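K.L.:
The primary structure of each chain is shown beneath.
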Amino acid sequence: MSCDFIACHVTDLVEYSGVCALVNGQQVALFYLPMRNPKIYAIDNFDPIGAANVLSRGIIGELRGELVVASPLYKQHFSLTTGRCLEDETVAVRVWPAEISNGLVRVGHPQQSLIESAA
Amino acid sequence: MTALENSLAASGTAGRPRLVVVGNGMVGHHFVEQMLGAAVPFAITVIGAEPRPAYDRVHLSEVFAGRAPAELALTTREFYQEAGVEAHFGDPVVSIDREARTVTTQGGRRFGYDKLVLATGSFPFVPPVPGADSNGCFTYRTIDDLGEIRAAAAKARRGVVVGGGLLGLEAANALRNLGLETHVVEFAPQLMGVQVDPEGGAILRSQIEALGISIHTGKNTQRIVAGEELPLAMHFADGEVLETDLIVFSAGVRPDDKLARDADIKIGERGGIVIDYRCRTSDSDIYAVGECALWGGKIFGLVAPGYQMAKVAASALTGGDLSFHGADMSTKLKLLGVDVGSIGDSHARSEGALCYRVVDERAGIYKKLVVSADGERLLGAVLVGDNALYDTLLQYCLNGIKLPAQPLSLIAPSGGEVVALGPDSLPETATICSCHNVSKGDICCQIDSGVTALSDIKSATKASTGCGGCAALLKTVVDSELAKRGVAVNNHLCEHFAYSRQELFHLIKVGGIHTFEELVARHGQGLGCDICKPTAASIFASLDNEHVLDKPHVGLQDTNDTFLANMQKDGTYSVVPRIAGGEITADKLIVLGQVAKKYNLYTKITGGQRIDLFGARLNELPLIWEELIAAGFETGHAYGKSVRTVKSCVGSTWCRYGQQDSVSMALRIEHRYKGLRSPHKLKFAVSGCTRECAEAQSKDIGVIATDKGWNLYVCGNGGMRPRHADLFATDLDDDTLIRYIDRLLMFYIRTADRLQRTSVWLENLEGGLDYLRSVVIDDSLGLGAELEAQMEHVVSTYVCEWKVAVEDPEKRKRFRQFVNSDAEDQQVVFVTDREQIRPATPAEKRELATVA
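In order, the protein sequences belong to chains W and V.
Its first residue numbered 1110, the first sequence is counted upward by one per residue in the working numbering.
Its first residue numbered 12, the second sequence is counted upward by one per residue in the working numbering.
Be a bit skeptical, because a hint or two may be false.
[To be verified] Keeping only pairs whose Cα atoms sit at most 20 Å apart, straight-line, the calculated DMTMM-like set for lysine to aspartate or glutamate is: (1) V:Lys824 <-> W:Glu1124; (2) W:Lys1148 <-> V:Glu528; (3) V:Lys473 <-> V:Asp67; (4) V:Lys824 <-> W:Asp1121; (5) V:Lys520 <-> V:Glu492.
Please keep in mind that the hints were generated in silico from the structure rather than gathered at the bench.
Computed from a prediction, not measured in an experiment: that's the story for all the values here.
In isolation and in its complexed conformation, chain V is listed as follows:
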């Protein structure tokens, strides 16, 4: 008998009880996270069947929309290592020996346990059809599945998804994103039969067919054989045949209960490991959580109840008293761009239930309310085509709030908008965030303990950090509770202006104010400070685009703007000429080398594909720029809160894989927006294909080529708090792409706070990405033309700030080190390192002074 793999861990940790977790999906990982914060110490071993640690399976299909698989990761091997968790991946557990209290993996490794948690999830159900294991047949559940589908799709024209439920339509979306002619085959007479009633299913079907996807319902696949024109032919019971290149089975999932079944742990009649209200199985040392577990005769195939089970099991193991009593299975999602919402008893199965329905076939909208016999309570609802009411209806349903006298008025308002359920009408127990189970009471608790900023409440409670669906509701609850407590949210810029940046922008624009003096006189007080002055300077620049060193503006500029260069730690500057798109000729490279050599500058390549020249003294700046401008360079605005760089890959001109000419697009974008000043610096990138070599998804504006045009990503961020950009619009032509960027940037410049990057701006924008899309794409505020005109003004008034500065004797005067001497600053001392200069350290300076 082999030694136990985790015996060392157990003995080495002074007899801590051994906890083995089988399965590292979303719920298994969540369970481990819960245990890490627990008071009772376990020696934890995690064994995952997949070759990688837990990832976000809910958003799997986004991989086909251009998201990298690595981005879905929920954790890393390093995280487990640092947390002291032993983790093994890619070697599934194949048996449990309950007597010896060990589990054994496929690779023959054995692990001992004192407590065992099964989080094995589920496996895709493949109907028992002859030929379902042919080449070209796939399932859709793991990242590896995606890789295989993607590889097969590269050579395919048509793809069929078997299954018209939630997962089936997700898979159909994936095939469509891969560019295949997509068909959905469903056994039942309608789509999404679990969540939606037949009428709703019909509306959903028409909406999805309008996208060019063929739907075949009521189809019983009898066999899959080789086709005549395409590799596979599906034969249906009604005699019809559908030929295809590939088939994806996504006809539901089944609980992965084999381990428990083989170990004689109690299993439900139709599968699922039976658990009690503490998530214990029939063996009191073994727990089960997530989709493999059966509670009250039900499987809970959503992530939120899975997380609840994880919390309950962790609580049971650590002496807590949480218990599981089922979960609300309401869901809100967007499938192929169509809103679908299902709340509570959507099929009206409760006794005496009555229904109200509204159908708008033209707009593709269906709404149904299921109410109690007395008409007072909402039991369930179905929404197709418009989820705007989802949050309100869910609160009615979960909290048993009394319905209005005419429930129909909720879904068919007789004039004006539906009055959304105000935050005050929600009880303390109302769940605001169902992903992390945060109630209104939890939020009030935080506010009472002094946490008042929305972002702080989010991080303290985790509310709205799961699917994010409750963001708007959370904000209204927080605002209303703050108002109730008499807390005025102060967003004043500084002691001189009782306005936010956004308000100040508006005052300056509407009032036609062009100088700081006038701004203080009309709307502020005092002399201003290093907060409001640069803010005002940035707004003047965005609106008027006058030279930042013009007399009324010069004293307002921040450290770097004021000398059009980046100040370094010793008071010298670095100089960054624009190298648009990272494209540069040999002649220009030579000039940069010559200038660097002449002025003895340290040179380094930047992350934005430019060359940074360090160690220039104040008085050298105009001299250096004269030479650079003569050679055809212009300022790179590396010093400004402004558009910096547009990074690009080499694109279709050279690259074997390039789909579009990314360099030309990068040049067009960089030359359009160069010099644009904004609340914070802006970085762009353009990638020529989905391999994304320009790393566009970490930029404020990211553009990725497709075979049809450009995908636009927005509000990404590298730096201190990285954030991946969101996919904003797909397959845009050149001009539409530019128009959207124009509108989006100007809207950001108008509405963002001081020093607020686009990522944080978006996170704080009420309504989030959907709202931003409605403003930019649908022009819902009617601002489109104005935003474009404002951008056009900035673009058409662009001048190279350095060219103006070196040619204007008055501006040039400012670059004197001393107003009364040509001497140099003795405090600036360089030493040589790796054949280039660097600032001397204080010790080196002292030493050099003594020698002298």
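Chain W extracted, bound-state conformation:
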């Protein structure tokens, strides 16, 4: 899987929190966990339940071993690795491949959402 879109510099990220980048006109939430093995996670910024672009502004956490972000609007949890909503299995967001190399944050093409879009 290639991550060919350079979204930003590592210095634009906020440790243990999220920022939002525009990737080909689409809003992507980037979450940065700078632990021993620094990791970057990318999912849609759009919260399908609150219907607003806000997921990058949620709190990152871990629920029963699953890395999640809590929506700042109505507090549902979305998995950073699968995009699934923990509270409502009919809802999911897309996960974007992302990586850090040479101080740059790179993003690839989004995986198909686990849930077929209703539209």
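Fit chain V to the known structure of chain W by using the hints.
P.N.:
Chain V alone, transformed into the frame defined by chain W:
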């Protein structure tokens, strides 16, 4: 003959039997409530003599301590309407026609009944003294009485209460609260002769006299005439004369049995409608409940037995099998701040009864035990000055529990504390809550059916929701029963911390922990979550007061804290600058208008006397704040679980009625506590007089001016579950007021659960308001200085969070919509409504997209 008023109701409801309830006092209302839940449908008509629906007469005197009469209401006209109950107020029933089965009101309206319930209560006894009907003579029983007394007191200096019993001392308290020089005149040689023996009465007297109230016992009032210096003069049999501005008769009550008497229903020799064990009168279609009823030759003038009768009558009418067999008349109360308790046979009238007594005249404490001849059972007790033993003694008495070998050790421990009766020693039948008649067995039943939270047990059984006197006992019973069943009460914050918020606060404080990383490493596990992170952030803020957007803290903050603004449904924010006390200059108002106009913001006045600016995009927040700060504004913390607003009225500076300068006090309070982070948001208000225009009694901290200083109310709440604040302390000077608030808030911040408002915190605080007073006022935990120092640290390290944020490029970076573009969020769309913006609805967004 006029048509029956309730004939329509009866015919319109398919011949349901008609039930008429005469009287809408506490017991009458309780009866109706019982009937609403019953299986047998009646067409119910309630007829109350007073112009308002039932209210809490027990707490009448609190109206003079600043409580609004409306707060005493037990029900509303709307409640009856929604429940399908026809209710009429202010038109008393004057006669019963048992043959025609109708009742007629003063206004000439007639109501037919199939079953009739009399809940007419009692009327105040006014001794037959010439002149007792003079101007300036009052009785003390209804809200209307209070209004008249209050009006008369406004022009008076001295007031006399006739009657030194329970109600008389309540009335004396009321006059004292109205600022009158208060006298109590009692015919008997002692105070509270019904409940307390002469020795106890003497201690009570000395305690009450110490409050500046004059007590005249053994006084037989012979006539009341015009006085020389004051309007009224009371002449006593011993030749003495007492002049006064007003007289309140509170010398006991008499059963209001006139209706029954006139209808030839059987009446007791000394009054009272005779009832049987099912609350039936001599006419089997007519029932009587409450203070108008006579059972076994006795009137039961307390609310708990009245409620029992209401339940029994409802049961009898609906095919149940409850019966009334008398009631325990033990009472525990605080009169003029003095504890008085009376249990069972307090006068030792039982055959062979023996007494143990302890008197401490210096401390003003009297305790007496009345025990059976064999010394094994407690028959009764009297307590004055200290009610701590009341619950334990009552359980001994009611349940016939065997006394210790030395009963005196209960009231005069020879070292150490009295061992309170453990919950395990109580039998299943033991009454825990006497207001709602809840036994230990009822509580065990709930626990066995899976209800384990104290609050749920309270709402399921109603235990401890009456006078609340059994709260501590209830909690120990519940805890002990849970422990017996092996239920560990889990108050762990989340899966990352096996601690409650209070424990976590302690660990952070004692361990000197300053970051979440360190906290997880030492006391938790995993990465944390949206529960524990903001909780920890709030504790760090309360203790260290570092900027919430400083690097170690930024990822911990809740939705609104993290961008120092309130997120709205479309992801935009609202901005609320501080307008302390609601006071703002014209220049500043203009700036708010200019900023709102420039950034096209929707403006609205908040409930906390501020101005909220809506529709700011993330990237606009620092720009807006730069302008606001330049104009002298600072952050309003509307986004934080923190001190929000101090609402105030205009106070004595402008208002004709103001007693104190409420605005200055509001400013002092708001500037002291602004920025203080806490388990939940905190709201304050300061009112300049008892009219209470700032609605301080619905706030966490409410301050109401008196002519002598400030009354402090605590732990009130508007919102989802409103709760009126409790009166915590009276007539405080400025500095004492601030000191109490310092201590109380810090104690709350230390001990409350996550997102627990002060109201719920207080309700769950073991020992309740009295305990809180002892911690804050008497410094019983020795924490006072520490709590004040902690508050001082927060106050002295205050900075405007927005000023720091806009001046720090690193923090400002966070307010970019996109890290790689200056584009705007296309999803944020506004339309115009009433000349201001609002978020577009999904349909409007689709439409606008198609047009584009």
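K.L.:
Starting from the hint list further up, note which numbers the structure goes against and sort them upward.
P.N.:
Of the numbered hints, just 5 does not hold.
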